[in-house]
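Heads up: the sequence lines are chains R and D, in that order.
First residue of the first sequence: 1, per this note's numbering; consecutive thereafter.
First residue of the second sequence: 512, per this note's numbering; consecutive thereafter.
If you are wondering where the hints come from, they were derived from the structure by calculation, not from laboratory data.
Honestly, I wouldn't trust all of these hints.
[To be verified] If you anchor each label on the Cβ, the simulated ranges turn out as follows:
1. D:557 - R:98: 27 to 35 Å
2. R:506 - D:584: 44 to 52 Å
3. R:440 - D:638: 41 to 49 Å
4. D:597 - R:392: 44 to 52 Å
5. R:506 - D:590: 32 to 40 Å
6. D:617 - R:440: 31 to 39 Å
[To be verified] Over the 10 Å line for every Cβ pair with chain D, so calculated as not near, a few chain R residues:
7. 102
8. 157
9. 161
10. 205
11. 257
12. 260
13. 264
14. 336
15. 426
16. 437
17. 481
18. 487
Quick reminder that beta carbons are idealized off the backbone N, C-alpha and C, glycines included.
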Amino acid sequence: MRQISFSDIEKAVKDVERGWTLQSAKVPLRNKKGYLRDPIHGYHALSSIDFTFLDLPPLQRLRYISHLGFVDKIYPGANHTRFEHSIGVAAVAERIMKTLSEKHKSITPRLAIDESEIWTAKIAGYLHDIGHLPFSHASEAIFEALDIPKIANVALELGDTYAPHELFSYLMAKTEFIQERISTVSKQKRLSLDAQQISKAILGIPKGEKRYLSDIIHSSIDADRIDYLLRDGYYTGVPHGHVDIDHLARSFCAIERGKSIWLGIEERGLEAVEALYSSRDVMYPTVYLHHTSRIAEAMLKHTLFFAHRDGKINLLNLLCMNDAQLMAKLGEIGYRDIADRFLFRRFHKRIMLIRARDIECKGKAIDELLRKGNENIKKSVGRINEYFSSWKHVVDLETEIISKSKLKEGQVLIDIPKNFIGLPKTEEELDPEDYLPVRLRRGDSEKIWRLSPIIYGIETLSKSMRSCVIVAADSSLKKESIEQVRRAFKQEFEGRFNLDLASSTLFERNA
Amino acid sequence: MSHDNTEKLVLSLVYRSKSKIAGKTKFQKIMYILKSEHQDRMPELKNLRFRLHYYGPFSRSFDDMLTRLTLHGDLFAEKKEVVDFLRNDYTLSARAKLEARKFYAREDPLRRELIDRMAEEMKRLNQEPLQDVISKAYRIAEDKGL
């Protein structure tokens, strides 16, 4: 199976750029103003600059990419797309920038924020998701499995790891097509837009001393997160996705540290931040990681993997496809049955769900042992997580189970998230770099989890308690075959890791 | 577990400094200071990519490395209570010390001298208060335009 290289990615982005150029002759700066109604952010004005970016082919493509992948098969209202989300992110980014501008210009001239900076944040908001693939995160998984982010990370000399869509968005924002649009707008509207700064903001990489510009788009409390929680909660009908955006937007502040200016949160906004963290924490098991959605994503990941392995698809072509085009492509290359399963909601059925509390060592549940700080178990668990961080090992396990159960490739899928046996974290293991600082009323700053028991609890414990493995099987399999798969999984898992699975994992209520 | 050259260098520095490194945060900042001063002559340090965050220069790859070395028993993370905070103090296992000794012994005299100098600096920085080490790392990072 051919490994995708960074030069393959660069070439694919160039091909996408060529397509944009063919689709639109030089897009003139539309001297048009207008208004937009958005169910989340209300009625707001759009200028000619907004239209310049909204009219671009990469933005228009996002109209046909579902925001939540296959979640609409569970929550039928979740039909929103990446397009309106990008508009929302730009709107929130503008709101935060205007807050900073009002707060600081009279206090500290150095922090004065001009119109160019507001547009920088807004344009970064528009462009932040242009690298998304069909069905959003659902089709990203195969790129992560093939280590594409690591390859790009090394080639671009980035200090952090990013999701595939973030890297693709960054590379696309750096193309001549986009950079030239930014430069045209800058000249015609007499702004000083820095095209490089806009593309770096997509990855949260600061340029120069004004680091808040990148934090607004990519940080722990950013415009992206605020919009998607509100939007996803609204469209799914799940009430947990509430964010007090009015209070939160007014609570952002700029904090000087050394020569740099960072984005922070004022202490008075702490409760609004806590509500955001709680929302996110509850939306994950309810919506984003709903077991049916995970199974559908696992089916797509495996389909793309088999197609790539057998040379039937160039995965990088997904960069210019939308949802419908991918389904059509699957039909063309001999995966009509799979495409129909997605279209007509005939997903595999969950037959096992395994959490940390279902795994035992000498009769004791390992989540309890981990909470008690058993270092040996912690090391064993860490090694298991490391083992399954490689897609190859997951496929090995599936192959073994399929062979033992005398089934065909693809009839059994295992979805193992990263660090599936979540390790509760101590305070020192919380990474301060993952959180915005809080500016206290007395003037200094503090780490957010030291001020909020809710955020502390969520960040130290939640993932360890919510994470789980899902084993799914073709819904047409007979009961005997399903039982055989469960026994084979238990045997394989226990044999490989010298840990026991609780016997309750052999039973599934509705299977 | 087999180690890459960067990991072997880090183990070697801890070994030669004869120090118990006081906390993950301090370890990060010490490595950044050493990298900024010596990476031209010690290219293994270039694999540690740092970014300037609000709390100072930080390397995700070094953070992952510490986790791996701890999980595989090369580093011991001893929990120490400091006021109201729990800190991990890092020492080497016997196996890691052996690996570090072998790595050091294989180096040429010039590199060994440089490793010793870096280890001495690691020891000195480890003894300074955390805030001073963070401030120093922050200053270097800003001057270098990180």
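Range hint compliance [Cβ, residue 557 (chain D) to residue 98 (chain R), 27 to 35 Å]: The hinted range 27 to 35 Å is violated for residue 557 (chain D) and residue 98 (chain R), with Cβ atoms some 41 Å apart.
Exclusion check [residue 260 (chain R) not at the chain D interface, CB over 10 Å]: Non-interface label fails for residue 260 (chain R): nearest chain D Cβ at 7 Å, not farther than 10 Å.
Given as non-interface: residue 157 (chain R), which should sit over 10 Å from chain D by C-beta: violated (6 Å)
Minimum Cβ-Cβ distance from residue 437 (chain R) to chain D exceeds 10 Å: violated (5 Å)
Given as non-interface: residue 426 (chain R), which should sit over 10 Å from chain D by C-beta: violated (5 Å)
Non-interface claim for residue 161 (chain R), where every Cβ of chain D lies beyond 10 Å: violated (6 Å)
Non-interface claim for residue 264 (chain R) versus chain D (Cβ beyond 10 Å): violated (8 Å)
Cβ separation of residue 506 (chain R) and residue 584 (chain D), checked against the hinted range 44 to 52 Å: At roughly 34 Å between Cβ atoms, residue 584 (chain D) and residue 506 (chain R) fall outside 44 to 52 Å, so the hint is violated.
Assertion that residue 102 (chain R) lies outside the chain D interface [Cβ separation over 10 Å]: holds (22 Å)
Beta-carbon spacing of residue 597 (chain D) to residue 392 (chain R) - inside the hinted bounds 44 to 52 Å or not: For residue 597 (chain D) and residue 392 (chain R) the Cβ distance comes to about 36 Å; the hint is violated.
Supplied distance hint 31 to 39 Å, evaluated on CB atoms of residue 617 (chain D) and residue 440 (chain R): At 51 Å between Cβs, range violated.
Closest CB of chain D to the CB of residue 257 (chain R) still more than 10 Å away: Non-interface label fails for residue 257 (chain R): nearest chain D Cβ at 6 Å, not farther than 10 Å.
Comparing the model with each numbered hint stated earlier shows that hints 1, 2, 3, 4, 6, 8, 9, 10, 11, 12, 13, 15, 16 do not hold.
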